[in-house]
Amino acid sequence: MLSLGSGGGKSAKPSFVSYVTPEEINSEKDTPKEEKHPDLLPGEVVFCSASTVLKLTQDELSQRGTFGTLLCTNFRVSFISDEETGEETAPLFKNKLYGENDIPLSCVDNIYGGYEDKRKLVTGSQVKNKYPSKIIIHCKDLRVFQFALTFCKEEDAKRIFQGIVHHCLEPKSLKNIFAFSFCENTAFPGMLGNVCFTKLVHNMQQRTMMFDSAEDWAQDLKRTKGSCRLVTENANFGLSPNLPQYFIVPESVSEADMTLFQGKGLPIWCWSHHSGCALFKTSNLPLQQEDNVPQSYMEKMLTAVAHNYLYSVKTEDLSDTLPTVQDIQLSYSKFKQFFFIDSTTDFWVSDMKWFSSLDNCGWLDIIRSCLQKAMEVVECLEKENNNVLIMEDGGSDLCCVISSLAQLMLDSYYRTLQGFQSLVQKEWVAGGHNFLDRCNQLHLKDKENVSPVFLLFLECVWQLLQQYGPAFQFSETYLTVLSDSIHVPVFSTFLFNSQHHRASILRADSSHSQRGTLNCPTVWDWSVQFDCKAQQLFINPLYAEKPKLDKSMRRPHRPKHQRQLSLPSATFKTPPKKGFFKDETDSLKKILRVKRISRWMLSPDSPQPSSTSREFYEAWQRKPLDYHGLLLPCLDGPAVRIWMQRYLRWIQEVQIFGGGLVTVLSKVSDLLDEVQELQRQLDRHSSSLTSNHQRPRPRPISAETDSRLSVLLSSSFPFTTLKNNWSYKPAIPTGLLQSLMNSGNLADTEDDDQESLVRA
Amino acid sequence: MASPVPIYNSNPLDTHSSSTSRESLKMDLLADVSLLPGEERVIDKDIIYICPFSGALKGKVFITNYRLYFKSSDADSAVMLNVPLGVICRVEKMGGASSRGENSYGLDITCKDMRNLRFALKQEGHSRRDIFEILFRYAFPVSHGLSLFAYLSQEKYEENGWNIYKPMEEFRRQGLPNDKWRISFINKSYELCDTYPTVLAVPYKATEEDLRKVATFRSRGRIPVLSWIHRENQAVIARCSQPLVGMSGKRNKDDERYLDLVREANGTSKLIIYDARPNVNAVANKATGGGYEGDEYQNAELIFLDIHNIHVMRESLKKLKDIVYPNVEESHWLSSLESTHWLEHIKLVLSGAIQVADKVSSGNSVVVHCSDGWDRTAQLTSLAMLMLDSHYRTLRGFQVLLEKEWISFGHKFASRIGHGDKNHADQDRSPIFVQFIDCVWQMTKQFPTAFEFNERLLLTILDHLYSCRFGTFLYNCESARDQHEVRLKTVSLWSLVNSSNDIYLNPFYTPESGRVLYPVASMRHLELWVSYYIRWNPRIRQQQQSPVEQRYKELLALRDEYLKKLEELELSDSPSSHLAHSSTSNTSLPAPSTPSQQYTHLQTPF
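Chains A and B supply the protein sequences, listed in that same order. Each number in the numbering used here corresponds to the 1-based position in the first sequence with 72 added. Each number in the numbering used here corresponds to the 1-based position in the second sequence with 844 added.
FYI, nobody ran anything at the bench for these hints, they're computed from the structure. Just so we're clear, the structure is a prediction, and the values are computed from it rather than from any experiment. The beta-carbon is built from N, C-alpha and C at its ideal position, and this holds for glycine as well. Treat each hint with caution, since some may be false.
[As the list claims (entries may be wrong)] Estimated spans, in silico, between C-beta atoms of each pair:
| no. | chain 1 | residue 1 | chain 2 | residue 2 | range |
| --- | --- | --- | --- | --- | --- |
| 1 | B | L1415 | A | Q751 | 11 to 21 Å |
| 2 | A | K192 | B | G1019 | 51 to 61 Å |
| 3 | A | R136 | B | T1051 | 44 to 54 Å |
| 4 | B | K1163 | A | V365 | 52 to 62 Å |
| 5 | A | N521 | B | F897 | 40 to 50 Å |
| 6 | B | E1414 | A | E256 | 52 to 62 Å |
| 7 | A | R136 | B | E1076 | 47 to 57 Å |
| 8 | A | E188 | B | G1019 | 51 to 61 Å |
[Unchecked claim] Partial selection, computed: residues in chain A whose CB lies under 10 Å from chain B:
| no. | residue |
| --- | --- |
| 9 | A616 |
| 10 | L697 |
| 11 | Y699 |
| 12 | G701 |
| 13 | L707 |
| 14 | V740 |
Using the sequences provided together with the hints, build the complete structure.
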């Protein structure tokens, strides 16, 4: 089956980019080779190139590096070394679309021009005839490249600089994004992503639910035993382009309600708790009208939500208490700068104030406040059995973050790999997160809409993963790769602002193209990027599946859980109409504010969790931890951490050679392989016993897994592996004393002689 | 001593046990304390423990000559405290007989292990007088002319931990003596240096007379002696105290010549001298007669490592305690952590040790000293050895390392910890050893497969650093230990550890001899040792075992089970087909899908 990707070209070609299909190799081979080319992808076109470019090594001070050719295509900026890098040891973890010296165009974060000692941020339209001696590229996946142009022909240098600047920084139309030419030239058999995992995933839903069909929604509703109404009338966006094709609303919402404000204010079902209460999200209604229509509409909607089992509703306007998308963008843009390290000196200087720098940019606090908010939602559902309606202006940013985090904490299905992908499809893709605008895939100059909201979500997931490793089927590497994939302009997942947007673009496109509807892969088609072996690193070896046998024993577990946690529900259940909507005030906004649970959310500047949610956490924490049950994050200072793998993986100075958690995880994972192999042998044995077949002798373990151990790992594995040079020097911090307090009275006795002695 | 006592007792870590069932609580509240042999009950009393996490808890306190034990009587929040009295730093009365407010009258106990304990008593009848006096007396026996518990303990272990370190054996392991280095017994009765061990390794060419001359020029006679030698390149780590240069810049030809002998021994052109102190402190030490090696030392290079003194470290840990106990500072946690400088000091110590290890592995001999050579020097040499020599990364090797570099070379444990001493404000106290263990923990964190021992060993060591249950960390130096007959009259901590060593083993340990471990001494990797410094906080989930470890052990067990099954099947299967056939027909299994049954039934037919 699917030879696609397992790369017939891999062994034959000593290159870092392999073809998508073997067939493509042949078709591309015909191109004349006057210049060095990367192995181009289908639909990839070279715009410009320059030879004798010097790619500098990380350390800015040394002018060492490799000579090669720098190219700019419609997919990437690519550097091809002149040196034959004998790739006898194929890297274990290799992206099939781009190699270690390639930068997909949308992955470029900033370009700097290096002029002698200074560097200047390149913002686009430059003076035509000038070019810097050095191009410095900061990537969104935190890589840093430096190319010296001093050795190339002036014409070439000018052209490549302008080409790169133009294609990476200038606005483009959606149609010019590489995905469109790529997909036009490639046939995807569809949903390949799961192939590699079938042998690893034994139970649960085997596939990623795309939530682009009524069945997926129905299935999820059924799985959570929710009783709401599945709306199919919007399949062709007849109700509203703002709404997903399919969605679920409270039962009493009528079709007329759905069209009234183009879907705004409509409570969209997210997830149902086993107690019967459910989580909904909505976008805020426009408030400009003076009449009472929006207010009464909102009341009607709230009644509809509350009507579910007569639970009371808690509403929360997330924009009141969580940072805005602009805040998120601002904080992240400060945060990421700490990881663009230009030189060793830089590194050690910034090491001094590392903790306070991190603290000051506020990124960890934003993560903390999202997790905190999600935990409060969980508390309402789990402890108080209230329906929860979260809202914000667009209903597709923080609503997505909070609702998906709450579901991850509550529902272990979403902590499986397929479950997680389904969750992203449900809440983010079908939920209409504006990926195109938020990720600025079109390089628009106006960055008002740009914000790493989805990355923020992945950060929060990572926090949960590092606190409760065994609860997740996917690994940290999976999350890191997913975060990188946002900026690989090939996947339909991140290219559109909504389902309607996607449909309209694709429909328009198919009318022009001869091939019919474009078939872009989704990011979940992992084999587009990685072969099966690499994909194995997406599986967390600590994850143990829910034990299946004791289903009968586990049954009473849940109610017991519930009994322990929930307070007498009578005090919380206020009959609808009476409790919740009684005091009607003139402004809708006011109603919502009054009714909002007052302890819900702290002001943004005081990240202290409210005392009751603290109690909720502590009560949960006192009980034995069940990795397949409810998970709550610890938000104490030391517990919220930096996602080291994502942010520090390219920085030489922090690599621990032969160390890091990976050394332990790889042992677990090797042992897991061994156990699974033994299990297969036992199975084979028992079947051969009955059928009296010839049975192969049990081998201890395949040589393949043995070789993995022998590769000396570094803490940045799998993103960098040690390249044979075992003779390294340790990183010795420089300039240590500056930041330490002077030891008082002794400080002033320094003199020059001693100074020179030290340096001698 | 009627009740049977287990051979080893659980360590005092498990204090907040909440799993006690109601049934057991109905019994005598204190029935579940198993006293150590030699431990005696002194007093018990109804008391209120003011728990910073769960509020005021009624219960009973129970004091022996070894520990303070408290158990709450409230079944719903069963809180238990089990505190060796040695941990207590300070006992104070809180409030007076006329104090108003609930629970305002009682005792305030400051501990050396990052916590404070508060107890409230009834105001009537001077109810705290007796307990205060007893605590004061038994927590500070040395100040009261009493014996430390280590001398009262009657514990017996299978193994005698005092035998773990034999200097000659350790030298022999390193390949000493050889033609460049000899063993000297000049200090056998502590005449040369009363804070050094009796057996020393010195350059072959240095005579006993030379050693005596050098001793006059080194602070407290702590001459440069070999601590470790690299098997291949013969580079050594030598340790000593500062030279007595003084304000006038005195020189000592013997000392200069002696250091050149150290250099000469492996034939390199330059000897590297690491002075652990910051440059300014070294200069300032001249005023008190000390100093550092100047240009007069030919073929030597001096490098300062900028590690601060014991007072700075003490203040730093105090600040750390302020932000983690009882509650973890929440707003701007990272900035608060940075302002304690604790991790920064850790970074300096580690990076100093990395430099030492790097020089030695590239073939240069090094001399390490600070002022007296018993604090920073011990940190640097022992950490460098941990990086260079995989033997010290084993469970027993680590014990040897501590015995050698810390205990025998006179790290002043008694002064730094203040065992049994009521003088809590003593300026000699400092958490130098804690800092060292923290550095080791950082290394184990960065190299989780390189150490045979686990975090639990490090925690146990730190607990018994204070507990006074074992003789291991008592007194300042070997001569004092001899004088007080520690080895005869007390039990070694290693007796406890080595009699139950499987709980201290790291399942991920992969021996790799000959590999030098260089940790990354960057703030990016250094982290606060939460499971030590914040372990009293119930919000920090205390895992008996890390989930990774747990998963690994489960898988190991599963593998063994499968292998065993397969082996059984092999045996029953292989000899000949009809035998195998008969075995299956004999047992007549209902279904092959129940492998465990299969295993029990399918016994080998032989």
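A quick look at each hint next to the structure:
A hinted range of 11 to 21 Å holds for the C-beta pair B/L1415 and A/Q751, which are about 19 Å apart. Between A/K192 and B/G1019 the Cβ separation comes to about 60 Å, which falls inside the hinted range of 51 to 61 Å. Under the hint 44 to 54 Å, the C-beta atoms of A/R136 and B/T1051, about 52 Å apart, fit the expected range. The beta-carbon spacing between B/K1163 and A/V365, approximately 60 Å, falls within the hinted interval of 52 to 62 Å.
Between A/N521 and B/F897 the beta carbons are some 45 Å apart, a value that agrees with the proposed interval 40 to 50 Å. Checked against the hint of 52 to 62 Å, the pair B/E1414 and A/E256 passes, with Cβ atoms roughly 57 Å apart. Distance hint check: the CB atoms of A/R136 and B/E1076 are about 31 Å apart, inconsistent with the given range 47 to 57 Å. Hint check: A/E188 to B/G1019, Cβ distance near 55 Å, so the stated range 51 to 61 Å holds.
A cut of 10 Å between beta carbons decides the hint on A/A616: the least distance to chain B is about 7 Å, and the hint holds. Restraint check, A/L697 versus chain B: the minimum CB separation of about 7 Å is within 10 Å; hint holds. About 8 Å separates the beta-carbon of A/Y699 from the nearest beta-carbon of chain B, less than 10 Å, and the hint is met. Hint status for A/G701: violated, given a least beta-carbon distance of 15 Å to chain B, over 10 Å.
With a least beta-carbon distance of about 8 Å to chain B, the hint placing A/L707 at the interface is held under the 10 Å criterion. With 10 Å as the threshold, the beta carbon of A/V740 comes within range of chain B, its nearest partner Cβ sitting at about 5 Å, so the hint holds.
Checked against the numbered hints above, the structure violates hints 7, 12; every other hint is satisfied.
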